[in-house]
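S.K.: By my numbering, the letter at position 316 of the sequence shown is numbered 316, and the numbering carries on one by one without gaps.
Derived from the structure by calculation, the hints contain no laboratory data. One or more hints might be untrue.
Unchecked claim - Beta-carbon label-pair distances, calculated as ranges:
hint	residue 1	residue 2	range
1	K467	N214	36 to 44 Å
2	A464	E723	23 to 31 Å
3	F824	V145	22 to 30 Å
4	E554	N214	54 to 62 Å
5	E925	R606	31 to 39 Å
6	T757	G897	34 to 42 Å
7	G531	H99	30 to 38 Å
8	D847	D335	40 to 48 Å
Bear in mind that the values here come from a model prediction, so they are computed numbers and not experimental data. Glycine included, every Cβ here is placed at the ideal spot set by N, Cα and C.
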Amino acid sequence: MTAARAAAAPMALARPMETRRRRSPKSSSSRVVARAVSAPPATTEIKRVFTFGGGEADGNASMKTLLGGKGANLAEMSSIGLSVPAGFTVTTETCKAFHENGAKLPDGCWEEMLAGLEQIETRMGSKLGDPSNPLLLSVRSGAAVSMPGMMDTVLNLGLNDVVVEGLAEKAGEKFAFDSYRRFLDMYGDVVMGVEHALFEREIASLKRECGVVNDNDLNAVQLRELVKRYERVYETAGVTFPQEPLEQMRLAAYAVFDSWNSDRAKKYMAINGIVGLEGTAVNVQAMVFGNMGDTSGTGVCFTRNPSTGENLLYGEYLVNAQGEDVVAGIRTPEDILTMKNALPEAYDDLVRNTQLLEKHYKDMQDIEFTVQEGKLYMLQTRSGKRTGAGAVKIAVDLVEAGMIDRATAVTLVEPTHVDQLLHPQFKDEAGYAADVIGVGLPASPGAAVGQVVFDTPTAEDLHARGKKCILVRVETSPEDVGGMNAAEGILTARGGMTSHAAVVARGWGKTCVSGCSELVVDEENRWLSLGGVKLHEGDWLSLNGTTGEVIRGEAELAPPAIGGDLDVFMSWVDEFRTLRVLANADTPEDATTARVNGAEGVGLVRTEHMFFGTGERIRTVRRMIMATLTSDRQAALDDLLPFQRGDFDGIFRAMDGMPVTIRLLDPPLHEFLPDGELDEIVALLAADTGADEDEVVERIEKLAEINPMLGFRGCRLAITYPEIGRMQARAIFEAACAAQKDGVVVKPDIMVPLVGTVAELQNQTRMIREIAATVFEETGVTVEYRVGTMIEIPRAALLSDQIAGEGGAEFFSFGTNDLTQMTFGYSRDDVSKFLPTYLEKGILKHDPFQVLDQEGVGSLIEMSVNKGRGANPNLKVGICGEHGGDPASVEFFHEKGLDYVSCSPFRVPIARLAAAQAALKAAKEK
């Protein structure tokens, strides 16, 4: 280790700057690092730095958790012989230790980094800080899970006022000062806390003065002037740019570690459910330059089209540019296929490398590359983000090409990909033709309709209020991640098919139209102009991400069509899953949709939803509720019976041969009363029921409850008013007998809700069996059926052996919504008041009403299953809460040996895929 570098080591153990807006220690601008005999790095118990390049690497792709995705893949590319600039990776464990140690590197880490730097210098034949032969570095992040643009990057590190002059003599003045102005801008923004907008203001001003449009139109003299202006930006901001290259590298590494805890990174992880990672790696790599003239360039490409899955090289590049120009959308790039004419030899090398990488990784790859004076360098590869349509086609095509087997294909498609394919599309593209006001790049397919917004807070506010919006920006940045997630679609004036907006949108299945060059966006005054049309915030806009069309107003949407590759893929899914997938369906139409989507039965019919079908139904229900005499209540129930019977008949016929689980009336009766002021409610109920208004008021007062979700509902209703339960049971069995008489195979399961005691279930089971026997005698038809209960009260879970034993339950269906509510003591209606704070502070990792709380609620379910099956080995067990469609929860239910999950009809394909992936994961672990 050189003497100067050894002296720098103690600095790595103490951090002089406590904030991002900080002043670096003064150092001589003319300092050149002295060279001396190297010493081995200090011995550490943990290896924290792994080198790569020159066909050698310490790590490999299997070390993604330790090296991050970028570092692991750089090592892998180097080891298989691709042209990868030399570098080293500081591990994710170091990031964790850095933050735990009060923003200090662990002992020995800086020495390892210096040793890694010397290997880079040896392999590249140049030295950091040497004006006569300068090495420049990139410092990049890289977590184990791809998080595009969410953490920080610094390029061209190693330049200072002296080195830039040496680089100018070696490689040309324009190139040197173009690189220096880029470094000053990026380093100021990422490391020193100087706003990027201040640098943008200076370059925009200089371009106006010089009469040029593009950054690369500035000549060497003008770029020198720009560097001076950038340095004055530092001075005005009250910070000093560090001239010492080692100090630059150290602080850049700190900044990358810091970015792990940035708001945008935390929000991205929260949105995508990314948990359990230790931090980001830091990748320090020799720079190669795409901005060295017309024989140089940089680009991003995918081995297949990430939107459609087409087997064709897809991407973009820019001549005489650096990578950030492409990714950030600063310049609109060229299609990758045109590179064949501009840089033919490099293009041929690129094609060979992309084919090699896809075969090596057995998946579609997202690749970053640079061409420096005709020579191709590979800078990154990773499994590419893709849309739902792209994911399914790629998986099917890779199987057909013999590259992977069906099991592997099932693991390549995410449940969210299938979800995207179930989103609506435009009903009639010809129908909106007259409203097309512009066309941009079709960056991410799909149909999006919403109100125009221009910033993240507005988008998030509308989303929180249940409204749809389109986020319109000149160009997106990682700071927009919250708004992009909240929006239905994204429209940008700048940026290409591989810009930040496009990559993130495709990963999330968000519709995106980028690079709409005619679009004028006034973010300050909240309006846009396109095609001669001016739209203000709040106006409606539609985007066709498949064609790139921008449409004024609300274009009509239609349900998706499922078929083709998705049918093939889902048939493979069903080969591997063992967990059955049923659907929650309240009408015959819901049941039909569920069956089309692959449901194997109905896991929950909420009978109360049938009461809202028509005005006549709800009026009859209200007559029943307002009745004070049993005879009046029975008369209303007699009128309801045909409605219920008809709905059950339709569901049985739609699910011919499959089980149908019907829950008896569950919600509090007040939910069937009208909304509004008391006088309005009383008048309406009096008109509906014919009762006197004073009687109505008295009845409403009797129905009022302090906590209705824990009050008069569920089996308590049918026990108190047995005529309600008898009517529903009769409707079920009359419908079942009629359908079976017509040749339909009916399999009714009757579910008693909100059971907390054995006696409650026994009471209701007796009633159900008495009605069944009566109907069978009346019709001359006998139907096989089961009686079970919904486990949604913790006491029922604790007493599952008694409920399944002496209680006689033949099946359990866990109502995870109420079970979560009662286990946590959280009201579903009020949890929004504190849940966002809990998630932000890490008190909860997930919304427990969306992702099952496996530690608490999950433990109750596991215990209940084991106790129930201990008492009744033939007990059928499933889930009918919202968690039945959540992939992480489905995996848990598979692990615990449940028979089925039930979810909404539109989430059935998602649950099928999640169940298959859970089975494959379990088999692999065994």
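S.K.: Of all the hints given earlier, name the ones this structure violates by number, lowest first.
M.R.: Hints 2, 4, 6 and 7 contradicted; others consistent.
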